[in-house]
Amino acid sequence: SQTIHQWPATLVQPVGSPLSLECTVEGTSNPNLYWYRQAAGRGLQLLFYSVGIGQISSEVPQNLSASRPQDRQFILSSKKLLLSDSGFYLCACTGTGYEQYFGPGTRLTVT
Amino acid sequence: AQRVTQPEKLLSVFKGAPVELKCNYSYSGSPELFWYVQYSRQRLQLLLRHISRESIKGFTADLNKGETSFHLKKPFAQEEDSAMYYCALLLTGGFKTIFGAGTRLFVKA
Numbered sequence: 001s002q003t004i005h006q007w008p009a010t011l012v013q014p015v016g017s018p019l020s021l022e023c024t025v026e027g028t029s030n031p032n033l034y035w036y037r038q039a040a041g042r043g044l045q046l047l048f049y050s051v052g053i054g055q056i057s058s059e060v061p062q063n064l065s066a067s068r069p070q071d072r073q074f075i076l077s078s079k080k081l082l083l084s085d086s087g088f089y090l091c092a093c094t095g096t097g098y099e100q101y102f103g104p105g106t107r108l109t110v111t
Numbered sequence: 001a002q003r004v005t006q007p008e009k010l011l012s013v014f015k016g017a018p019v020e021l022k023c024n025y026s027y028s029g030s031p032e033l034f035w036y037v038q039y040s041r042q043r044l045q046l047l048l049r050h051i052s053r054e055s056i057k058g059f060t061a062d063l064n065k066g067e068t069s070f071h072l073k074k075p076f077a078q079e080e081d082s083a084m085y086y087c088a089l090l091l092t093g094g095f096k097t098i099f100g101a102g103t104r105l106f107v108k109a
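From first to last, the protein sequence lines are chains A and B.
Under the working numbering, the residue at position 71 of the first sequence is numbered 71, and the numbers go up by one with no gaps.
Under the working numbering, the residue at position 5 of the second sequence is numbered 5, and the numbers go up by one with no gaps.
Do not rely on the hints blindly, as some may be mistaken.
Taking beta-carbon pairs under 7 Å as the criterion, some of the chain B residues facing chain A (in silico) [to be verified]:
id	residue
1	91
2	94
3	102
It is worth saying that the hints were derived from the structure and are not from the lab.
The C-beta atom is built at its ideal place from N, Cα and C for all residues, glycine as well.
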């Protein structure tokens, strides 16, 4: 079955600094990949999804971008972080039955 | 617009009591619904999906299209059931899943 790796696990960055969060997937090929932000009381907000290399769909206009340079690699980036970018970021992929498999998450604090 | 509503942010029950976590959805297409669970210090993971019609860890959920609900039930709660539970709706096409805000279940000894 699929395994999702994310790093770093935690990150503290100053406002205005760049961001790069990485996600890799094992155990499947050509997966649909997703970035979510999880906020207490607000559930999971879908940020980006990708159905293939170089194909990115953005769900929410914001300060973030995503890229998929390889089949099983998904990257979340920002050129200049805002305080409002703080949160818990989850990477996920879809299983054969369209269920979602999640990574361990990255806790981002922008100071 | 598609939406998943979990009206309770927190649900607290005693061990051995029945538990029901509510989920209502709004969707014009054919709904496919899931429950996901996140235990403390663990990843968010699939608990069950309505098309499988199975019981997982004693939990069941029935899709009621008339009431647009997919409530999660367990007749006798256990302390290890304490976790965050998310109801989710898979949109037609299989590319996107909409999640509810989540319900934190706390089972007291």
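Status of each hint after checking the structure:
{"no.": "1", "hint": "91", "result": "10 Å, violated"}
{"no.": "2", "hint": "94", "result": "4 Å, holds"}
{"no.": "3", "hint": "102", "result": "5 Å, holds"}
Checked against the numbered hints given earlier, this structure breaks only hint 1.
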